[in-house]
Each structure stands twice: as structure tokens, then as C-alpha cells.
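Residue numbers (the working numbering), protein chains in the order written: chain A, 23 to 439; chain B, 263 to 523.
Simulated from the structure, these hints should not be mistaken for laboratory data.
Backbone N, C-alpha and C fix where the C-beta goes; we use that ideal spot for every residue, glycine too.
Treat the hints with care, since some could be wrong.
Stated by the list, open to error - Which stretches of chain B does chain A cover? Using the computed rule of at least three CB atoms under 8 angstroms from a CB of chain A, they are:
#1 270–282
#2 288–302
#3 351–362
#4 516–523
As the list claims (entries may be wrong) - Computed Cβ-Cβ distance ranges for the label pairs, DEER-style:
#5 B:Leu271 - A:Ile422: 49 to 59 angstroms
#6 A:Lys165 - B:Thr307: 19 to 29 angstroms
#7 B:Phe396 - A:Met51: 44 to 54 angstroms
#8 B:Leu294 - A:Lys165: 26 to 36 angstroms
Said to hold, decoys possible - With a Cα cut of at most 20 angstroms, we get these calculated EDC-like pairs of lysine to aspartate or glutamate:
#9 A:Lys102 - B:Glu516
#10 A:Lys102 - B:Glu266
#11 A:Lys102 - B:Asp521
#12 B:Lys397 - B:Asp324
#13 A:Lys102 - B:Glu269
#14 A:Lys110 - B:Asp521
#15 A:Lys148 - B:Glu276
#16 B:Lys488 - B:Asp324
#17 A:Lys148 - B:Glu270
#18 B:Lys291 - A:Glu200
#19 A:Lys339 - A:Glu405
#20 B:Lys362 - A:Asp194
#21 A:Lys76 - A:Asp255
#22 A:Lys263 - A:Asp278
#23 A:Lys306 - A:Glu405
#24 B:Lys287 - A:Asp169
#25 A:Lys110 - B:Glu516
#26 A:Lys153 - B:Glu276
#27 A:Lys166 - A:Glu219
#28 A:Lys35 - B:Glu276
#29 A:Lys35 - B:Asp521
#30 A:Lys110 - B:Glu461
#31 A:Lys154 - B:Glu276
#32 B:Lys362 - A:Glu122
#33 A:Lys148 - B:Glu269
#34 A:Lys112 - A:Asp194
#35 A:Lys71 - B:Asp521
#36 B:Lys362 - A:Asp278
#37 B:Lys399 - B:Asp324
#38 A:Lys102 - B:Glu270
#39 A:Lys78 - A:Asp194
#40 A:Lys391 - A:Glu335
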Amino acid sequence: MNNTIIVENLSKKYRIGQFYHENSFRELMVNIVKKPFRKSEKNTLFVLKNISFKIKKGEVLGIIGRNGAGKSTLLKLISKITYPTTGKIKINGSISSLLEVGTGFHQELTGRENIYLNGSVLGMTKKEITKKMNQIIQFADVKKFIDTPIKRYSSGMRLRLGFSVAAHLNSDILIVDEVLAVGDAEFQNKCLKTMDELSTCGRTILFVSHNMAAIENLCSRVIWIENCKIKMDGNPSEIIKEYLSTVSDSLNKDSDLRCVENRSGTGDIRYTQIEILDPEKQPKDIIRTGDSLIVRLYYHVRHHVRNPHFGLEIHTKQGFLVASINTWTSGFNITYLSSGDGFIEFNVDSFNLIPNRYYISLWSGTSTKKFDRLNYCSLLNIETSDVYLSGREVDSRFGIVAIPCRWSLSDFNKSCQ
Amino acid sequence: MRVEWFEELWHYRELFYFFVWRDIKIRYKQTLFGVAWAVIQPFFTMIVFTLFFGRLAKMPSDGIPYPVFSYSALLPWIYFSGSLSLSGNSLISNSNLITKVYFPRIAVPASSVLCGLVDFCIASIVLVGMMIYFKIKLSWEILLWPILIVPLILLAFGVGMFLAALNVKYRDIKYAVPFFVQLWLFMTPVIYPSSIIPEKYRFLTALNPVSGVIEAFRASLIPTIKVDWQMLMISFAIILVIFFLGLFYFKKVEKFFADIV
Numbered sequence: 023m024n025n026t027i028i029v030e031n032l033s034k035k036y037r038i039g040q041f042y043h044e045n046s047f048r049e050l051m052v053n054i055v056k057k058p059f060r061k062s063e064k065n066t067l068f069v070l071k072n073i074s075f076k077i078k079k080g081e082v083l084g085i086i087g088r089n090g091a092g093k094s095t096l097l098k099l100i101s102k103i104t105y106p107t108t109g110k111i112k113i114n115g116s117i118s119s120l121l122e123v124g125t126g127f128h129q130e131l132t133g134r135e136n137i138y139l140n141g142s143v144l145g146m147t148k149k150e151i152t153k154k155m156n157q158i159i160q161f162a163d164v165k166k167f168i169d170t171p172i173k174r175y176s177s178g179m180r181l182r183l184g185f186s187v188a189a190h191l192n193s194d195i196l197i198v199d200e201v202l203a204v205g206d207a208e209f210q211n212k213c214l215k216t217m218d219e220l221s222t223c224g225r226t227i228l229f230v231s232h233n234m235a236a237i238e239n240l241c242s243r244v245i246w247i248e249n250c251k252i253k254m255d256g257n258p259s260e261i262i263k264e265y266l267s268t269v270s271d272s273l274n275k276d277s278d279l280r281c282v283e284n285r286s287g288t289g290d291i292r293y294t295q296i297e298i299l300d301p302e303k304q305p306k307d308i309i310r311t312g313d314s315l316i317v318r319l320y321y322h323v324r325h326h327v328r329n330p331h332f333g334l335e336i337h338t339k340q341g342f343l344v345a346s347i348n349t350w351t352s353g354f355n356i357t358y359l360s361s362g363d364g365f366i367e368f369n370v371d372s373f374n375l376i377p378n379r380y381y382i383s384l385w386s387g388t389s390t391k392k393f394d395r396l397n398y399c400s401l402l403n404i405e406t407s408d409v410y411l412s413g414r415e416v417d418s419r420f421g422i423v424a425i426p427c428r429w430s431l432s433d434f435n436k437s438c439q
Numbered sequence: 263m264r265v266e267w268f269e270e271l272w273h274y275r276e277l278f279y280f281f282v283w284r285d286i287k288i289r290y291k292q293t294l295f296g297v298a299w300a301v302i303q304p305f306f307t308m309i310v311f312t313l314f315f316g317r318l319a320k321m322p323s324d325g326i327p328y329p330v331f332s333y334s335a336l337l338p339w340i341y342f343s344g345s346l347s348l349s350g351n352s353l354i355s356n357s358n359l360i361t362k363v364y365f366p367r368i369a370v371p372a373s374s375v376l377c378g379l380v381d382f383c384i385a386s387i388v389l390v391g392m393m394i395y396f397k398i399k400l401s402w403e404i405l406l407w408p409i410l411i412v413p414l415i416l417l418a419f420g421v422g423m424f425l426a427a428l429n430v431k432y433r434d435i436k437y438a439v440p441f442f443v444q445l446w447l448f449m450t451p452v453i454y455p456s457s458i459i460p461e462k463y464r465f466l467t468a469l470n471p472v473s474g475v476i477e478a479f480r481a482s483l484i485p486t487i488k489v490d491w492q493m494l495m496i497s498f499a500i501i502l503v504i505f506f507l508g509l510f511y512f513k514k515v516e517k518f519f520a521d522i523v
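Please work from the sequences and hints to get the whole structure.
Written out as C-alpha cells, the structure is:
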């Protein structure tokens with residue numbers, strides 16, 4: 023009984039591509055009657071393959087992995103929304119799945135009515151909801167609008183209302199998928215705080231997120247899913263470290279940006295390569311705090327553009343924006359770019375980031391259009407250096423930026439003498 | 263049929279209640295006439311039918327005033343056809359719920375079928391007024407009126423489950439249902455009495471379970487017509503078969519709803 027969730031040899035196959043293989047209407051009709059919902063074996067894809075694990079009562083399990091690794095499918099299987107192709111899941115206790123904030127909200131109903139509906143969908147009884155109604159309204163901070171249809175709500179209010187219901191759930195097991203991906207920083211903090219409170223009162227929580235800081239902070243155990251399988255299972259900080267290093271390796275390997283799939287924008291301009299050079303324009307392998315360097319961004323213009331701007335952003339591992347360097351704020355205007363290849367570069371006299379791993383994102387666009395946007399497309403490793411010429415190492419304990427400075431002392435007592 | 267199904271349904275009874283409650287609440291939201299639509303729809307259809315079929319086409323009506331004749335059949339018919347189209351689309355319109363949370367999927371078409379009952383009850387009140395206006399005496403058979411809705415619910419639910427499940431995969435259903443409902447109306451003695459069908463073919467109408475029930479609805483109201491129990495029983499048997507077929511089909515395919523909806 024100590025195990026709340028037991029997953030045994032779980033596999034899930036999805037069919038991909040076309041649904042219909044029938045050649046004629048007649049054949050289709052015959053097939054509907056004979057074997058509706060049959061599965062063709064041709065185009066199937068495993069999302070999860072032979073996964074087994076057990077979760078103890080009170081455990082807070084983080085599930086990490088790349089996009090498309092099967093994390094959300096796993097959550098859906100455990101919440102019984104979809105069924106496994108093979109394998110078994112045993113669950114002791116009541117489950118609430120929060121795959122979305124405000125599941126089942128109806129536009130035409132008022133806030134209060136939606137609390138009932140949403141609460142009931144998530145597994146609360148009517149009595150419980152009535153009892154907690156005031157708390158929920160207060161927590162969501164929507165008292166004034168509680169009897170207004172939620173179609174008049176702002177998206178933030180809707181989010182708060184949905185989350186507030188979720189925060190008052192009483193189920194033994196909570197399944198949470200990327201709730202933190204939505205909303206502003208304040209909302210995210212509120213979510214994290216609530217999750218933390220919920221986890222301390224003995225709930226079993228399954229939590230999928232790309233926010234490693236949140237995972238490390240909340241979870242007592244982490245499962246890393248890759249290629250349909252569990253790659254690692256155990257101590258959060260170790261696994262996260264390992265996971266991040268493979269993510270970085272794949273980023274670091276080449277500075278070629280042409281094959282990056284995860285990008286948006288019209289494509290009139292595409293970044294093709296990023297290069298970091300030393301002042302002599304030689305490739306720079308190691309970057310240390312305080313170095314002078316040149317960042318060169320190669321691009322391809324597909325279709326001539328007017329007034330394009332280029333920019334680069336640096337984020338910490340936790341997703342904090344450290345700096346945004348771009349032609350717009352610098353006042354560097356380019357009136358016209360004809361189609362073809364080229365590069366743009368900027369010089370930094372003293373690159374003052376404190377040793378750590380940072381992510382680089384690139385964008386290009388005009389005030390109205392977005393040509394290209396690459397999030398976290400490249401990794402920036404900053405190594406330690408004797409930036410203050412003191413022989414003492416400056417590392418991440420000392421913040422993000424090393425600000426160049428000179429110290430001096432004026433001891434009034436001494437100067438009086 | 264397994265015990266767990268019922269245990270599960272019992273466990274989720276409150277959610278089911280909220281689904282019905284929601285469907286009723288949103289039914290006439292942001293309409294000018296609101297719940298009056300429950301009456302407007304059958305009442306004006308009755309007027310048009312009376313003018314064209316009763317007066318102009320001189321349709322026989324078993325010796326009852328044509329307005330009462332058509333209205334008494336229109337109420338169950340409108341309930342039935344409305345429930346079919348609502349429940350047929352119910353899984354699609356609730357796809358956001360189906361892909362995000364677990365509950366017995368059957369609650370969705372079931373709530374669509376039940377929420378039409380409110381309209382049926384409201385429109386029945388108008389029927390009482392008409393009975394008084396046309397000075398029709400009542401017999402004990404009037405007690406059948408509320409009972410007869412049960413087989414009609416079962417039928418609407420059975421067909422509704424089947425349509426809803428098919429609709430998840432084949433969106434053709436969405437286009438086929440209105441058309442199919444219209445044809446069904448002409449195969450059912452709503453506009454005409456089944457007595458105009460030649461005697462030797464009349465048994466065929468028993469194959470359409472709605473006609474047995476609707477004739478019984480009408481007969482329960484009017485003392486001059488006797489309820490055809492034999493026909494009603496045949497219809498009821500067919501309804502049970504359809505209901506269980508719909509239920510089993512739904513249960514068989516519900517596992518895949520979230521994957522393909």
C-alpha cells in the first residue's frame with residue numbers, strides 16, 4: 023500500500039499520417055460497420071516504450087525531457103485520459119489532473135458557476151466547493167467579477183480563477199503539466215509557492231516542467247524520459263545536471279543555425295551561423311570574464327528587406343534575461359538589405375559576465391515584422407579569469423556581472439593627523 | 263455489462279449533475295426570448311402544420327382538432343430530434359474536457375439528452391392550455407404522458423451515443439444528422455395519422471420505434487383514440503435493442519476518444 027502509483031511495462035503507440043485507407047465510399051461504409059476504430063499497423067510511432075516505475079505516497083516526482091519525449095503522454099496515461107497500448111497502471115487514491123488551467127470553463131457561465139463546474143471536473147464534491155467558495159474567490163482575487171460571465175474576464179483573471187480552484191483540491195495525487203509555462207512572473211511565483219505548500223502536506227505530485235529551477239526546488243525525485251524510455255531516475259540535482267549538460271552538448275556542438283527547427287518568424291532573414299572571435303578575428307574557443315571579443319552573426323536574406331534590426335539576448339539557465347544587445351537600442355540603422363548572404367558583428371571591449379553557462383537567443387525583425395527568432399539556440403560558456411587582477415576566482419556566487427571598478431580608501435582619522 | 267461501470271457512474275454522479283446543469287444554463291444564454299424558445303419552436307411549427315397540412319392539404323387527423331393532433335406529436339418529436347443532434351455533437355463540443363481530464367465519457371451524451379427534458383416539460387404546459395381550449399376530456403391514460411418519455415429518452419440516448427462515438431472519428435455525422443432527422447420526421451406519424459397507411463403495411467411502421475411511442479403519446483391524451491399496446495411493446499423492444507447496441511458500441515470505442523477527437 024506504500025506505493026501510490028505503480029506503472030508496469032507501459033507502452034503507447036500513436037498512429038501517424040492519414041486516417042483513411044479505404045479506396046471507395048462503399049469500402050469505407052463496410053469498414054465502419056465491420057471494424058470501427060481499427061488500427062492500421064503501418065504508420066505507428068511509439069511515444070513510450072516499456073516504462074516501469076513506482077511512486078510512493080507523498081513523493082513529489084518531476085518529469086523532465088525534451089519536447090516530444092513523451093512526458094505529457096505519460097501524464098495523460100496516468101490520469102486515464104488515454105489508454106496504454108500495452109502495460110498496466112495501478113493507482114491507489116484519488117487523482118486530479120491539471121493538464122491545463124481552468125479545464126472545462128464555459129465562457130457564458132459566471133465565475134462562481136465556473137468554480138463549481140471546474141471544481142467538479144477536477145474531482146471535488148459540491149459540498150467541498152461550497153465550503154471553500156470564499157477562499158477560492160479570495161485567492162483568485164476576482165471578488166468584484168465573480169457573478170460576471172467569464173467571457174468578460176481578462177486572460178489573467180481567468181488564469182487566476184482556474185489556478186485558485188486547483189490550489190484548493192483535496193485529491194491524494196496531483197498531476198501537473200507545465201502550468202508554469204503560462205502567466206506572468208508573479209503568477210508563476212504564486213503557482214510555485216502553492217505547489218510547495220501542497221507538497222509539504224503529504225500529497226503525491228507528478229510535475230512536468232521545463233523550468234529546471236522549479237523542478238530542483240520542488241521535487242524529491244526526478245525521472246528523465248528520452249527516446250520513449252526512462253533514461254535516469256533518482257536524485258533531482260544529479261539528473262538535472264546531467265540533463266542540462268546533454269542539452270548543452272547538443273547546442274554547443276556546432277554554431278550552425280541553419281538546421282535549427284525550433285524557430286519562428288517570416289523567414290525573410292534567417293540566421294545561418296553564430297561565431298565568436300577574438301579582436302584579431304580568430305575563432306575564440308574559450309571565453310573568460312572580461313575578455314574582448316567580437317560576435318559575428320551570419321545571415322541569409324531570402325527577400326530584400328527595409329530597416330531590419332538584429333539582436334542577441336543572453337539568458338541564465340533559469341531563464342533570467344541578462345542582456346539584450348541589438349541594433350535598435352544601439353541606434354545602428356540599416357536602411358536596406360538585398361537578398362543574399364552576409365554577416366553583422368559587434369565588438370565588446372570587456373565581456374563582463376561572471377563564469378557560468380548562459381543561453382543565447384537571436385532575433386531579427388522590423389518594428390512590425392518578425393523575420394527570425396531562435397530561442398536558446400546557442401550556449402555560452404564563460405570560464406573564470408582573474409578579472410580583478412587579485413588572483414581570486416570570481417564565480418557564480420558573486421552574481422551575474424563583474425562590474426569593473428577601482429577601490430580606494432579614505433580614513434578620516436588618518437587624514438586628520 | 264459490468265458492476266464497475268455502475269460503481270464508476272455512481273462515483274461521478276455529481277459531475278454528471280453539473281454537466282446537465284451547465285447544459286441547461288447555457289442553453290438560452292444571451293437570447294432575447296430565453297426559455298420562451300421552448301414553446302415558440304413547437305407552437306409555431308404547429309401553426310404552420312395546421313395551415314398547410316390541416317387546412318390546405320386536408321390531412322385526416324383521427325377526428326381530433328388538427329392543432330392538438332400535431333402539437334401532441336410535435337412535442338415528443340422535437341425533444342427526440344433535438345436530443346439526437348445535441349448528443350451527436352456532444353463529444354466534439356466537449357473535446358477540450360475529453361483531452362484534459364478523465365470522467366466516464368458517457369456523461370457527455372447523457373447530459374445532452376437529459377437537458378432537452380426541460381423544454382419538453384415547459385412546452386407540455388402549453389398543451390394543457392390547448393386541451394382546455396379545444397374542450398378535450400381527459401381519461402386515465404393521460405398518466406401515460408410522463409411515463410412515455412422514458413422509452414423516448416432511452417432511444418434518443420441509444421442513437422445519440424452511437425452518433426457521438428462515430429462523430430469523434432467521422433465528422434460526416436455532423437452533416438448527416440440534420441438531414442437524417444428530417445427524413446425520419448416524414449417516416450413518423452407526426453404530420454399524418456398512421457391510420458392513413460394501408461392496413462397490411464402498418465406493421466412496418468412498428469419497425470420505426472419512434473412512431474409507436476409518438477402514437478402512444480397522442481393516444482394517451484385523447485380519449486377517442488386507444489393506445490395500441492401491441493405496437494408500443496414492439497417499439498419498446500426495438501428501443502431496448504438500440505439502446506444496448508449504442509451503449510456497447512460507445513463503451514467499446516471510448517478508449518480512443520482522447521486520441522482522435
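Structure-based check of each hint:
1. Under the rule that three or more residues need a Cβ within less than 8 angstroms of chain A, the assignment of the stretch 270–282 of chain B holds, with 4 such residues.
2. For the stretch 288–302 of chain B, the stated coverage by chain A holds: 3 residues have a C-beta nearer than 8 angstroms to a C-beta of that chain, and at least 3 were required.
3. Judged by the Cβ-Cβ criterion of 8 angstroms, the stretch 351–362 of chain B is covered by chain A as claimed, because 5 of its residues qualify and three suffice.
4. With 5 residues carrying a beta carbon less than 8 angstroms from a beta carbon of chain A, the stretch 516–523 of chain B meets the three-residue requirement, and the given coverage holds.
5. Checked against the given bound of 49 to 59 angstroms, the beta carbons of Leu271 (chain B) and Ile422 (chain A), roughly 57 angstroms apart, stay inside it.
6. Our hint of 19 to 29 angstroms for Lys165 (chain A) and Thr307 (chain B) is violated, since their Cβ atoms are close to 46 angstroms apart.
7. Distance hint for Phe396 (chain B) and Met51 (chain A): a CB-CB separation of about 47 angstroms, consistent with the stated range 44 to 54 angstroms.
8. For the pair Leu294 (chain B) and Lys165 (chain A), the supplied restraint of 26 to 36 angstroms holds, since their beta-carbon distance comes to about 30 angstroms.
9. Distance check on the hinted pair: Lys102 (chain A) and Glu516 (chain B) sit about 12 angstroms apart at the alpha-carbon level, within 20 angstroms; holds.
10. Between Lys102 (chain A) and Glu266 (chain B), the direct Cα distance comes to roughly 15 angstroms. Compliance with the 20 angstroms bound is thereby established for this hinted pair.
11. At most 20 angstroms may separate the alpha-carbon atoms for a hinted pair to count; Lys102 (chain A) and Asp521 (chain B) meet this at roughly 12 angstroms.
12. For the hint linking Lys397 (chain B) to Asp324 (chain B), the alpha-carbon distance of about 16 angstroms falls within 20 angstroms, and the restraint holds.
13. The suggested pairing of Lys102 (chain A) with Glu269 (chain B) holds, with an alpha-carbon distance near 17 angstroms, which does not exceed 20 angstroms.
14. Taking the CA atoms of Lys110 (chain A) and Asp521 (chain B), the gap is near 18 angstroms; set against the 20 angstroms cutoff, the hint holds.
15. Using a Cα cut-off of 20 angstroms, the hinted pair Lys148 (chain A) and Glu276 (chain B) holds, with the two alpha carbons roughly 7 angstroms apart.
16. A threshold of 20 angstroms between alpha carbons decides the hint, and for Lys488 (chain B) with Asp324 (chain B) the separation of about 11 angstroms falls inside it, so the pair holds.
17. For the hint pairing Lys148 (chain A) with Glu270 (chain B), the CA-to-CA distance comes to about 17 angstroms; that is within 20 angstroms, so the pair holds.
18. At roughly 33 angstroms between alpha-carbon atoms, Lys291 (chain B) and Glu200 (chain A) are farther apart than 20 angstroms, so this suggested pair is violated.
19. Only pairs whose Cα atoms come within 20 angstroms are accepted, and Lys339 (chain A) paired with Glu405 (chain A) is accepted, the gap being roughly 15 angstroms.
20. Our distance criterion of 20 angstroms between C-alpha atoms is met by Lys362 (chain B) and Asp194 (chain A), whose separation comes to about 18 angstroms.
21. Taken as a hint, the Lys76 (chain A) and Asp255 (chain A) pair is honoured in the structure, with Cα atoms around 11 angstroms apart against an allowance of 20 angstroms.
22. Proximity of Lys263 (chain A) to Asp278 (chain A) is assessed by CA-CA distance (about 25 angstroms); at most 20 angstroms being required, the pair is judged violated.
23. As the CA atoms of Lys306 (chain A) and Glu405 (chain A) are separated by approximately 12 angstroms, the hinted pair is consistent with the 20 angstroms bound.
24. Under the criterion of a C-alpha separation no larger than 20 angstroms, the hint pairing Lys287 (chain B) with Asp169 (chain A) is consistent with the structure, at around 14 angstroms.
25. Straight-line distance between C-alpha atoms of Lys110 (chain A) and Glu516 (chain B) comes to about 18 angstroms, which keeps the hinted pair within the 20 angstroms bound.
26. Of the pairs offered as hints, the one joining Lys153 (chain A) and Glu276 (chain B) holds, with about 16 angstroms between alpha carbons and a cut-off of 20 angstroms not exceeded.
27. Annotation: proposed proximity of Lys166 (chain A) to Glu219 (chain A) is violated, straight-line Cα distance about 27 angstroms (limit 20 angstroms).
28. For the given pair, Lys35 (chain A) sits about 33 angstroms from Glu276 (chain B) by alpha-carbon distance, which is inconsistent with the 20 angstroms threshold.
29. Among the hinted pairs, Lys35 (chain A) with Asp521 (chain B) is consistent with the structure: their alpha-carbon atoms are about 10 angstroms apart, no more than 20 angstroms.
30. Straight-line distance between C-alpha atoms of Lys110 (chain A) and Glu461 (chain B) comes to about 59 angstroms, which puts the hinted pair past the 20 angstroms bound.
31. As the CA atoms of Lys154 (chain A) and Glu276 (chain B) are separated by approximately 17 angstroms, the hinted pair is consistent with the 20 angstroms bound.
32. Under the criterion of a C-alpha separation no larger than 20 angstroms, the hint pairing Lys362 (chain B) with Glu122 (chain A) is consistent with the structure, at around 7 angstroms.
33. Using a Cα cut-off of 20 angstroms, the hinted pair Lys148 (chain A) and Glu269 (chain B) holds, with the two alpha carbons roughly 19 angstroms apart.
34. Restraint check for Lys112 (chain A) and Asp194 (chain A): satisfied, since their Cα atoms lie roughly 14 angstroms apart, inside the 20 angstroms limit.
35. Between the alpha carbons of Lys71 (chain A) and Asp521 (chain B) the distance comes to roughly 17 angstroms, so the proposed pair stays at or under 20 angstroms and holds.
36. For the suggested pair Lys362 (chain B) and Asp278 (chain A), the alpha carbons sit about 38 angstroms apart, so the restraint of at most 20 angstroms is broken.
37. Between Lys399 (chain B) and Asp324 (chain B), the direct Cα distance comes to roughly 16 angstroms. Compliance with the 20 angstroms bound is thereby established for this hinted pair.
38. The straight-line distance between the Cα atoms of Lys102 (chain A) and Glu270 (chain B) is roughly 13 angstroms, inside the 20 angstroms bound, and the hint therefore holds.
39. This hinted pair checks out: Lys78 (chain A) and Asp194 (chain A) have alpha carbons roughly 12 angstroms apart, not beyond 20 angstroms.
40. Restraint check: the Cα-Cα separation between Lys391 (chain A) and Glu335 (chain A) comes to about 18 angstroms, which is no more than 20 angstroms; the hinted pair holds.
Checked against the numbered hints above, the structure breaks hints 6, 18, 22, 27, 28, 30, 36 and satisfies the rest.
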